[in-house]
Amino acid sequence: MALSAEEASRFAVLLEENQDTLVGIWTDRVAEGLRGRLSRTELQRQTADLFKGFHLALAGGATDLTHEPADELRAQLTELSSNRARQGFSTTETAVSVFSLKEAILPKLGDDVASLQDYIAFSAFVDAAALFTFDSYVRVREELIADQAEQLLELSTPVVKLWEGVVAVPLVGTLDSARAQVVMERLLQTLVDTGSPYAIIDITGVPAVDTQVAQHVLKTVVAARLMGADCIISGIRPQIAQTIVALGIEFGDIATKATLADALRYVLNKSGSRKPRER
Amino acid sequence: MERVPVLKIGDILLVSIQIDMEDQVALQLQEDLADRIVSTGCHGVIIDISALDIVDSFVGRTLATIASISRVLDAETVVVGMRPAVAITLVELGLSLPGIRTALNVELGMDLLARQRAEEYGDEDDEDEDEADTPAVTAS
Chain B
4 MALSAEEASR FAVLLEENQD TLVGIWTDRV AEGLRGRLSR TELQRQTADL FKGFHLALAG
64 GATDLTHEPA DELRAQLTEL SSNRARQGFS TTETAVSVFS LKEAILPKLG DDVASLQDYI
124 AFSAFVDAAA LFTFDSYVRV REELIADQAE QLLELSTPVV KLWEGVVAVP LVGTLDSARA
184 QVVMERLLQT LVDTGSPYAI IDITGVPAVD TQVAQHVLKT VVAARLMGAD CIISGIRPQI
244 AQTIVALGIE FGDIATKATL ADALRYVLNK SGSRKPRER
Chain D
6 MERVPVLKIG DILLVSIQID MEDQVALQLQ EDLADRIVST GCHGVIIDIS ALDIVDSFVG
66 RTLATIASIS RVLDAETVVV GMRPAVAITL VELGLSLPGI RTALNVELGM DLLARQRAEE
126 YGDEDDEDED EADTPAVTAS
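Sequence order for the protein chains is B and D. Here the working numbering runs 3 ahead of the position in the first sequence, where the first position is 1. Here the working numbering runs 5 ahead of the position in the second sequence, where the first position is 1.
Please keep in mind that the hints were generated in silico from the structure rather than gathered at the bench. Please read these numbers as outputs of a predicted model, since none were measured by experiment. Yeah, the Cβ is synthetic: ideal placement off N, Cα and C, and Gly gets one too. One thing to keep in mind: the hints can contain errors.
Per label pair, the in silico range of CB-to-CB distance [stated by the list, open to error]:
{"hint": "1", "chain 1": "D", "residue 1": "Y126", "chain 2": "B", "residue 2": "D196", "range": "56 to 66 Å"}
{"hint": "2", "chain 1": "D", "residue 1": "I24", "chain 2": "B", "residue 2": "T259", "range": "54 to 64 Å"}
{"hint": "3", "chain 1": "B", "residue 1": "T259", "chain 2": "D", "residue 2": "E112", "range": "22 to 32 Å"}
{"hint": "4", "chain 1": "B", "residue 1": "V248", "chain 2": "D", "residue 2": "M6", "range": "53 to 63 Å"}
{"hint": "5", "chain 1": "B", "residue 1": "D196", "chain 2": "D", "residue 2": "D25", "range": "22 to 32 Å"}
{"hint": "6", "chain 1": "B", "residue 1": "A264", "chain 2": "D", "residue 2": "Q35", "range": "15 to 25 Å"}
{"hint": "7", "chain 1": "D", "residue 1": "V77", "chain 2": "B", "residue 2": "T259", "range": "34 to 44 Å"}
{"hint": "8", "chain 1": "D", "residue 1": "E112", "chain 2": "B", "residue 2": "Q192", "range": "35 to 45 Å"}
{"hint": "9", "chain 1": "D", "residue 1": "L98", "chain 2": "B", "residue 2": "D213", "range": "20 to 30 Å"}
{"hint": "10", "chain 1": "D", "residue 1": "L98", "chain 2": "B", "residue 2": "D150", "range": "28 to 38 Å"}
Please work from the sequences and hints to get the whole structure.
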């Protein structure tokens, strides 16, 4: 049952007349739901703002949340839910901040049938507003998750210079296609930038090596070779060595070492055998 | 038709490909190189592909053919400066360019050739070659 224009203006008047009491009751209800995680003054300010938003929307004759007079209200709801989402409140706690308005307003209405109808219509309006907070809450949360996933991707794939002409990639965590792609591109770009003819891929931090992970690592090694750099795989734990053999993964003529130290010694030996002669 | 210049630096022929490798250009380069290796008696060829965005299967095969031809003429070929994107594409296509030596840049490519000559002819030759190489490296 949608709000009609007369009902909207009636409620606008009602809100205006009882502003202080309604904001008071509303804040109490919200505070109950949040169990003291926000200060009373903070809540008071938030509900007063929202209250103004509702009043403006209704006074402007908005019978639906999508109407133009409700623009400000929508912006306030978005801000409220995004703040709550970032502060770690649950969806219920966020939605209660809006729903409580209904409880606050009920005692202010008369007992007759007309008031009841008004109330139902108004309640539909508040419901729509609460649903809107749900939507923006979820959207903000999803943005947060996407941001974090991206940060994780950035964080987890450093390419470090280990020695003159030797770079290393310590892989940590599961290696899926997206990450493998990032690692490959980073490593190859670093090879070009630093002109290092040797790269060590350390898989100590990779919890499990299956055929897919092996495939990604092999591709990286072959690509590096095409560019003229040698790759060594290090940090193969005993269980992983067993898995590799059990799965029948062939590393061919790619050098594999047990630890990063072994790999570095191997590389230094290889490059050291020519370095002194060149000087 | 555009041609790729072949520069002689010391004992090495340097080919820097700066234009799109069309099939005809690639074949012309193959012929030019064979001629120049014979006429100059150089023992090393460096092909710089750092300006190439695309290396298709034909160019890949031509590079392999050039390497084989020059090996027959006693010159070692090194392909240098392949871009990461090109390398990834080649791997995804399953082309690993067997028989082609690669290096990250011209300098490392020259190192590689010098090292190889040294292994073939002993250390004495290496000293001579290194001295001959040094001005060439700074010039490039």
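Tested hints:
1. Taken as a hint, the range 56 to 66 Å is violated for the pair Y126 (chain D) and D196 (chain B), whose Cβ atoms sit roughly 34 Å apart.
2. Between I24 (chain D) and T259 (chain B) the beta carbons are some 41 Å apart, a value that contradicts the proposed interval 54 to 64 Å.
3. Taking 22 to 32 Å as the suggested C-beta distance range, the pair T259 (chain B) and E112 (chain D) conforms, at roughly 29 Å.
4. Between V248 (chain B) and M6 (chain D), the C-beta spacing of about 54 Å keeps the proposed range 53 to 63 Å intact.
5. Look at D196 (chain B) against D25 (chain D): about 25 Å separates their beta carbons, and that is inside 22 to 32 Å.
6. Between A264 (chain B) and Q35 (chain D) the beta carbon distance is about 46 Å. The supplied range of 15 to 25 Å is therefore violated.
7. Distance hint check for V77 (chain D) and T259 (chain B): the Cβ-Cβ separation is about 35 Å, which falls inside the suggested range of 34 to 44 Å.
8. At roughly 18 Å, the beta-carbon separation of E112 (chain D) and Q192 (chain B) lies outside the given 35 to 45 Å, and the hint is violated.
9. Here the CB-CB span from L98 (chain D) to D213 (chain B) is close to 24 Å, well matched to the stated 20 to 30 Å.
10. Distance hint check for L98 (chain D) and D150 (chain B): the Cβ-Cβ separation is about 34 Å, which falls inside the suggested range of 28 to 38 Å.
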